[in-house]
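Protein sequences, first through last, are from chains S and C.
Numbers 1 to 183, taken from this note's numbering, label the letters of the first sequence in order.
Numbers 1 to 415, taken from this note's numbering, label the letters of the second sequence in order.
Treat the hints as calculated values from the structure; they're not laboratory data.
Treat each hint with caution, since some may be false.
[Stated by the list, open to error] Some residues of chain S that are not near chain C, with every Cβ distance over 10 angstroms (derived):
id	residue
1	L87
2	Q104
3	V117
4	E118
5	G119
6	G128
7	S131
[Stated by the list, open to error] Pairs of lysine to any residue, SDA-like flavour, derived with a Cα cap of 20 angstroms:
id	chain 1	residue 1	chain 2	residue 2
8	S	K22	C	D229
9	S	K22	C	A233
10	C	K290	S	R18
11	S	K31	S	K12
12	S	K164	C	P356
13	C	K361	S	G125
14	S	K164	C	E197
15	S	K164	C	R281
16	S	K49	S	R33
17	S	K22	C	I227
18	C	K290	C	S238
19	S	K22	C	K361
20	S	K12	C	L230
21	S	K164	C	P348
22	S	K12	S	N105
23	S	K22	C	P319
24	S	K164	C	S285
25	S	K12	S	V65
26	C	K361	C	R232
27	C	K305	C	P319
28	S	K164	C	R293
29	C	K290	S	E153
30	C	K361	C	P348
31	C	K290	C	T204
32	S	K12	S	R165
33	S	K22	C	R281
34	C	K361	C	R347
35	C	K290	C	R334
36	S	K31	S	S64
Ideal Cβ placement from N, Cα and C applies to all residues, glycine included.
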Amino acid sequence: MTTTVDNGVNVKALLDAREALKAAPEAAQFKWRVTSTWNRGVHTTVRVKDFFGLGQEQSHKTESVFQADHPEVFAADDNGITPIEYLLVGLASCLTAGIASVAQNRGIQLRSVEATVEGSHDIRGILGADSDVRNGYNDITVTFRIDADASREEIEALVAQSQKRSAVFDALTNPTNVTVQVA
Amino acid sequence: MGVENLTTVVIGAGHAGLAASHFLSAASIDHVVLERGEVANSWRRERWDSLRLLTPNWCSRLPGYRYDGPDPDGYMTVAEVIEFIDRFATVCRAPVRTGTAVTSVRRVDGGYHVTTSQGELRCRSVVIASGACNRPVVPPFAEAIPPFIEQITPFDYRGPSQLPEGGVLVVGASATGVQLADEIRRSGRPVILSVGEHVRMPRTYRGRDVLWWMDAAGVWDQRHDEIEDLNRARRLPSPQLIGSPERRTLDLNALMDAGVELVGRMAVVRDGRALFSGGLRNVLSLADLKLGRLLTTFDEWATEKGIDGEVPPPERPEPTRVPASPRLQIDLTRGEIRSIVWATGFRPDYEWLDVPVLDAKGQLRHDGGVVDSPGLYALGLPVLRRRKSTFIHGIEDDAREVIDHLVGYLAGRVN
């Protein structure tokens, strides 16, 4: 290859980490945390700053604050996006991060990566209108438009590999034990 | 009973142990081949009735010995494989001791102490050729399966008639999983196949057996030190192939045509329900893409070799049809599923090995069969030295090189 591929992903650091953590699985144990405060109605403010990893407490450079609410068609004030939309935010950004990393590792220069994510949701579930309808998404479709120095097969392989290594894709497609308790 | 002294002990009289014996004899190294049962024991006791080799007969070649029957393109039945390996043991005059189970191998000054059901041996070097598939692997959530559902592994499965009438959940889509799903479906039972990552392969490509291409194009000869992610290559499931007289392809499309229902990877059993991954589409797509790349490798090789005129033109199989909405859960308490077949892989058994050479996952630490303990060697493990390592014809090159190393070690040339 004559030109250097630069998608802005430090693949070497990731590969080094992979090797280092093979020998130290305890350092690979992370805890992601968010804290939330109810405001009023169905509006909640969620803050994200600290997490645990590599054996110690860690912090993001800055705190991120998210407003979660519901739209006016739900008879709410719409101070922010709906919680279930945050899942799509996570999925789109996780798969895109994966595409950038895999492309970097495979020497593929990306020019643009855009995704449209659509989740089909039958709200009769959460309204309790039909007990046969589930609360969550019935289907999620992610459509990527990718401009890169690569064949269609190579781009499809990037997208497939990003799903294979995606935390959010796994969290959405496989069951997870969830404990909700009162402190 | 005293301790018997020998130079080398080979553990296991399958094709790998016998190939080791062939090269040890050629180097005039005194040795024995210890075998817990009979020659080719796992073929005799741990395989299902309808099984045939995945590799065509012309592929069945061992050091100084090869298939010479009338049907080079056919696939051996289990009985024929046993006879083939048995004959090899006779031809290479391997000093096999049958009915001799190894219960311990430990390191002692100058070599190893081997305890067997028939006595004690001491030797300078040991070749572990006891196989890669000694125990079926069953996921931990199998414990949560309701008791009225019968569970079986490929070790105990012989044929569909063993299973109760009614629905069968086959978990795993390697060669074993697809073959069992197919024959159980043919017995009239409804079959659901849980599919995780898998390796798709057509039986024939451009008029030749797909394994002819693997062989000719040099894919099988790819060496362990040339493979980027060796760990991954060693964990790869076996390709979705079946050896049948009509040379049919047994991919997921063929299974769906036969009425098998596909679901995603089985994730867990919760409250009597089996839960399956919603990622089925992606594992199908990964396998299709990977197959496409493999076939492109074959095509490029054919063009480079100038044999495009001798074989039909390149072709691509129909992409795997993705079920519109695969089920994400099945209630196991409702009687739809009467039995579960765990085609979820195998692992080697090293319980008898009292040398600290296993990694955290219980796999042998070795570099191309040279185990991380002086004088200790392994043969017959996945991608031991080449992609073809676990196939019958793959053992010759591996065994020659590993025994070469062993001979050098005994002569004090390497350590």
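Do the hints match the structure? See the list:
A cut-off of 10 angstroms between C-beta atoms confirms that L87 of chain S is not in contact with chain C; the least separation is 13 angstroms. With 10 angstroms as the threshold on Cβ separation, the claim that Q104 of chain S sits away from chain C holds: the shortest Cβ distance comes to roughly 15 angstroms. Remark: the non-interface label on V117 of chain S is consistent with the geometry, its nearest Cβ contact in chain C lying 15 angstroms away (cut-off 10 angstroms). No Cβ of chain C approaches the Cβ of E118 of chain S within 10 angstroms, the least distance being about 15 angstroms, so the stated non-interface status holds.
Every CB of chain C lies more than 10 angstroms from the CB of G119 of chain S, the least distance being 12 angstroms, so the non-interface label holds. Against chain C, the non-interface label of G128 of chain S holds: every CB pair exceeds 10 angstroms, the least being about 21 angstroms. Non-interface call for S131 of chain S relative to chain C: holds, since the shortest CB-CB distance, roughly 15 angstroms, exceeds 10 angstroms. A distance of roughly 14 angstroms separates the Cα atoms of K22 of chain S and D229 of chain C; the hinted pair therefore holds under the 20 angstroms criterion.
Under the criterion of a C-alpha separation no larger than 20 angstroms, the hint pairing K22 of chain S with A233 of chain C is consistent with the structure, at around 17 angstroms. Restraint check for K290 of chain C and R18 of chain S: the C-alpha separation of about 24 angstroms exceeds 20 angstroms, so the hint is violated. The hinted pair formed by K31 of chain S and K12 of chain S fails the criterion: a straight-line CA distance of about 24 angstroms is larger than 20 angstroms. About 34 angstroms separates the Cα atoms of K164 of chain S and P356 of chain C, which puts this hinted pair outside 20 angstroms; it is violated.
Restraint check: the Cα-Cα separation between K361 of chain C and G125 of chain S comes to about 43 angstroms, which exceeds 20 angstroms; the hinted pair is violated. Restraint check for K164 of chain S and E197 of chain C: the C-alpha separation of about 10 angstroms stays at or below 20 angstroms, so the hint holds. A distance of roughly 11 angstroms separates the Cα atoms of K164 of chain S and R281 of chain C; the hinted pair therefore holds under the 20 angstroms criterion. A distance of roughly 8 angstroms separates the Cα atoms of K49 of chain S and R33 of chain S; the hinted pair therefore holds under the 20 angstroms criterion.
With a CA separation close to 19 angstroms, the supplied pair K22 of chain S and I227 of chain C stays within the 20 angstroms bound. Only pairs whose Cα atoms come within 20 angstroms are accepted, and K290 of chain C paired with S238 of chain C is accepted, the gap being roughly 14 angstroms. With a C-alpha separation of about 12 angstroms, the suggested pairing of K22 of chain S with K361 of chain C holds against the 20 angstroms cut-off. A C-alpha spacing of about 18 angstroms is found between K12 of chain S and L230 of chain C, which places the hinted pair at or below 20 angstroms, so the restraint holds.
Taken as a hint, the K164 of chain S and P348 of chain C pair is broken in the structure, with Cα atoms around 27 angstroms apart against an allowance of 20 angstroms. As the CA atoms of K12 of chain S and N105 of chain S are separated by approximately 9 angstroms, the hinted pair is consistent with the 20 angstroms bound. The straight-line distance between the Cα atoms of K22 of chain S and P319 of chain C is roughly 36 angstroms, outside the 20 angstroms bound, and the hint therefore fails. Between K164 of chain S and S285 of chain C, the direct Cα distance comes to roughly 11 angstroms. Compliance with the 20 angstroms bound is thereby established for this hinted pair.
Of the supplied pair hints, the one linking K12 of chain S and V65 of chain S is violated, its CA atoms being roughly 31 angstroms apart against a limit of 20 angstroms. As the CA atoms of K361 of chain C and R232 of chain C are separated by approximately 14 angstroms, the hinted pair is consistent with the 20 angstroms bound. The straight-line distance between the Cα atoms of K305 of chain C and P319 of chain C is roughly 28 angstroms, outside the 20 angstroms bound, and the hint therefore fails. Of the pairs offered as hints, the one joining K164 of chain S and R293 of chain C holds, with about 18 angstroms between alpha carbons and a cut-off of 20 angstroms not exceeded.
Of the pairs offered as hints, the one joining K290 of chain C and E153 of chain S holds, with about 10 angstroms between alpha carbons and a cut-off of 20 angstroms not exceeded. For the given pair, K361 of chain C sits about 11 angstroms from P348 of chain C by alpha-carbon distance, which is consistent with the 20 angstroms threshold. With a C-alpha separation of about 17 angstroms, the suggested pairing of K290 of chain C with T204 of chain C holds against the 20 angstroms cut-off. For the hint pairing K12 of chain S with R165 of chain S, the CA-to-CA distance comes to about 17 angstroms; that is within 20 angstroms, so the pair holds.
With a CA separation close to 29 angstroms, the supplied pair K22 of chain S and R281 of chain C exceeds the 20 angstroms bound. Among the hinted pairs, K361 of chain C with R347 of chain C is consistent with the structure: their alpha-carbon atoms are about 10 angstroms apart, no more than 20 angstroms. Between K290 of chain C and R334 of chain C, the direct Cα distance comes to roughly 38 angstroms. Violation of the 20 angstroms bound is thereby established for this hinted pair. At roughly 17 angstroms between alpha-carbon atoms, K31 of chain S and S64 of chain S fall within 20 angstroms of each other, so this suggested pair holds.
Hint check: violations occur at hints 10, 11, 12, 13, 21, 23, 25, 27, 33, 35; the rest are consistent with the structure.
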